[in-house]
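Trainee: Chains as they are written, first to last, in my numbering: chain A, 186 to 440; chain B, 9 to 297.
No lab work stands behind these hints, which were simulated from the structure alone.
Just so it is clear, the structure is predicted and the values come from calculations on it, not from any experiment.
Misleading hints may appear alongside valid ones.
[As the list claims (entries may be wrong)] Over 12 Å on every C-beta distance to chain A, these chain B residues come out as not near it, computed from the model: (1) M34; (2) L57; (3) I216.
[Stated by the list, open to error] Straight-line C-alpha distance at most 27 Å; calculated DSS-like pairs for lysine-lysine: (4) A:K329 with A:K299; (5) A:K310 with B:K169; (6) A:K266 with A:K310; (7) A:K253 with A:K266; (8) B:K213 with B:K189; (9) B:K90 with B:K213; (10) B:K260 with B:K169; (11) A:K195 with A:K310; (12) A:K262 with A:K310; (13) B:K213 with A:K329; (14) A:K253 with A:K310; (15) A:K329 with A:K310; (16) A:K299 with B:K213; (17) A:K266 with B:K213; (18) B:K213 with A:K262; (19) B:K213 with A:K253; (20) B:K90 with B:K189; (21) A:K310 with A:K299.
[Claimed, not checked] Computed beta-carbon distance windows for the label pairs: (22) A:H424 with B:L116: 40 to 46 Å; (23) A:D324 with B:W295: 45 to 51 Å; (24) B:V141 with A:G298: 26 to 32 Å.
Note that CB positions come from ideal geometry on N, CA and C, so glycine has one too.
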Amino acid sequence: MSDTAMFAMKQVSKSYGSAYTLHPLNLHISRGELVALIGPSGAGKTTCLNILAGTIEPDAGLLHIAGKPASSYASGKHLAKAVGIIRQQFDLVGSLPVLHNVLAGRLHEWGFGKSLLSFLFPQDKHIAADALNRVGLSDKLYDKTSHLSGGEQQRVALARLLVQQPQAILADEPVASLDPARAEDVLAMLVRLVQEEQLTLVSSLHSVHLARQFFQRIIAIKEGRVFFDLPTADVTEDHITDLYQLTAGHGMDER
Amino acid sequence: MQHIPSATSVRKPHRRFGIVRVSVYMAFLLIIASWIYLFIGEQANLAELFSAKNVRYAVQFLSGLAGVGVDHPAFLDIESWKRALALTYQTLQMSLMAIGFATLGMLLTVIPASRVVAGGTESALLRAWNRIVYGLVRAMYVISRSVPELIWAMMIIFFFKPGLLPGAIALALHNFGILGKLCAEVVEDLDMRPIRNLASSGASKAQILIYGIIPAVLPRFLTYILYRWEVIIRTTIVVGFVGAGGLGHEFKLSMSWFHYTDVTLYLLCYLMLVFAVDLISAGLRRWMQ
């Protein structure tokens with residue numbers, strides 16, 4: 186296993202019931218890559234991301250995260266240092282101030298005592314303030330999170346990832362619930378931060394347009410198989426048309 | 009997202025005889041028929057309600073309350089006020105004890121009482137045990153809330169000597185079942201997405217409890233607790249009737265001794281108490297927003 190691999194999948198498969206959600210899959214993602222996962226609904230993008238994140242275990246195959254077998258990560262705390270996750274905007278605890286939602290990124294570093302103390306007297310506040318500053322929300326430190334707009338909440342989630350300092354970020358439809366202008370804004374910010382921190386980014390996306398605009402490599406998944414895996418420049422309109430073409434009995438149902 | 013035309017602006021085909029429409033007509037018909045029956049069939053007479061005899065009793069009682077012709081009405085007497093205010097304070101204590109006991113009982117049982125989706129890691133034996141505990145706690149909730157406070161108080165008076173404690177326990181028993189049910193539903197409705205996300209950013213179970221679960225359920229728990237406290241303060245007077253102390257007990261005694269001005273005094277104190285509790289609870293709720 187070379188040291189440059191962030192994620193390496195060997196013959197990884199997953200099925201729910203009798204049908205394959207993911208057919209045996211080989212995937213190699215190097216450190217510093219920006220990868221977009223696209224494909225029709227229910228094609229297996231989310232399953233693929235969840236396997237990369239270690240939240241679901243594959244039925245078969247080998248997964249290495251940051252050069253180590255996924256099973257060697259003893260706990261969520263260790264895994265959190267390698268991989269950070271951002272999903273749709275409903276991921277934050279709405280009733281807490283923004284500050285606590287950002288500091289939640291440090292929970293993997295903190296013991297129980299410090300977390301309890303921080304809940305009453307926020308610890309490492311400057312780290313959270315710096316992170317919020319970088320996503321342009323420095324004035325929202327003490328606002329109640331549920332009062333923020335969808336785009337702002339996603340930026341808070343980005344600030345949390347900055348505080349968490351993982352080596353790679355997995356994003357599952359991070360902008361699906363935002364309007365086009367805000368989606369572009371948040372995605373641009375995500376990509377900029379990933380590049381500044383020299384991280385790896387794998388993101389599933391609905392929008393082919395956004396995938397082309399921000400990512401170097403596009404992996405298309407259809408019916409649980411890799412449909413194409415190409416540098417963005419080589420992806421043609423025909424590829425996209427074929428990818429999203431409906432086949433009888435497939436593609437329209439979620440998962 | 010916000011500019012999708014609402015569904016109601018689209019005209020629906022007109023339905024002449026929907027079930028709702030027919031029911032409304034039937035209800036009106038029933039009400040009119042009942043009134044007709046009352047006046048013609050039963051020979052009811054509205055004037056009888058306001059007969060000279062009834063009016064005389066009412067005037068007598070009301071002037072008794074107002075202290076007409078009484079030398080020293082209790083509500084003008086400092087000593088009586090002191091005594092009544094002490095009773096008011098006791099009543100407040102009783103309500104706080106009651107909501108305190110009920111909350112404690114609820115907090116101890118709410119987790120097993122909610123069908124939280126389990127991670128699937130537990131053994132079959134543990135699952136069966138969980139299901140039994142769930143059933144037991146839920147049965148306890150049903151029993152405790154289906155017996156009214158007054159009945160609980162009448163029974164508990166047999167165990168304890170009359171006073172604040174049995175009243176508080178009776179109120180707590182009834183409200184324990186209500187709070188338990190309401191709060192177990194809050195836990196069941198918990199949004200799991202933020203919790204999953206905390207887990208994936210490396211939080212342990214204890215950390216998830218502090219940062220994910222408590223902040224999400226606490227405001228709603230508090231809303232229910234405050235609401236039940238308001239109800240309890242209004243019910244203290246009822247359990248007082250059967251000897252559970254506080255304003256209610258004295259109220260009943262004064263009634264039976266025809267001390268009407270004392271009744272007025274207690275009613276005033278009671279009104280003040282209810283008003284104060286409503287204000288406090290509204291204030292707390294606003295503070296939580």
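Trainee: All hints are to be evaluated individually against the structure, with a verdict given for each.
Mentor: Quick rundown of the hints versus the structure:
{"no.": "1", "hint": "M34", "verdict": "44 Å, holds"}
{"no.": "2", "hint": "L57", "verdict": "53 Å, holds"}
{"no.": "3", "hint": "I216", "verdict": "9 Å, violated"}
{"no.": "4", "hint": "A:K329 with A:K299", "verdict": "22 Å, holds"}
{"no.": "5", "hint": "A:K310 with B:K169", "verdict": "56 Å, violated"}
{"no.": "6", "hint": "A:K266 with A:K310", "verdict": "20 Å, holds"}
{"no.": "7", "hint": "A:K253 with A:K266", "verdict": "13 Å, holds"}
{"no.": "8", "hint": "B:K213 with B:K189", "verdict": "25 Å, holds"}
{"no.": "9", "hint": "B:K90 with B:K213", "verdict": "53 Å, violated"}
{"no.": "10", "hint": "B:K260 with B:K169", "verdict": "18 Å, holds"}
{"no.": "11", "hint": "A:K195 with A:K310", "verdict": "42 Å, violated"}
{"no.": "12", "hint": "A:K262 with A:K310", "verdict": "21 Å, holds"}
{"no.": "13", "hint": "B:K213 with A:K329", "verdict": "24 Å, holds"}
{"no.": "14", "hint": "A:K253 with A:K310", "verdict": "33 Å, violated"}
{"no.": "15", "hint": "A:K329 with A:K310", "verdict": "16 Å, holds"}
{"no.": "16", "hint": "A:K299 with B:K213", "verdict": "14 Å, holds"}
{"no.": "17", "hint": "A:K266 with B:K213", "verdict": "17 Å, holds"}
{"no.": "18", "hint": "B:K213 with A:K262", "verdict": "11 Å, holds"}
{"no.": "19", "hint": "B:K213 with A:K253", "verdict": "25 Å, holds"}
{"no.": "20", "hint": "B:K90 with B:K189", "verdict": "40 Å, violated"}
{"no.": "21", "hint": "A:K310 with A:K299", "verdict": "13 Å, holds"}
{"no.": "22", "hint": "A:H424 with B:L116: 40 to 46 Å", "verdict": "60 Å, violated"}
{"no.": "23", "hint": "A:D324 with B:W295: 45 to 51 Å", "verdict": "23 Å, violated"}
{"no.": "24", "hint": "B:V141 with A:G298: 26 to 32 Å", "verdict": "30 Å, holds"}
This entry does not satisfy hints 3, 5, 9, 11, 14, 20, 22 and 23, going by the numbered hints stated previously.
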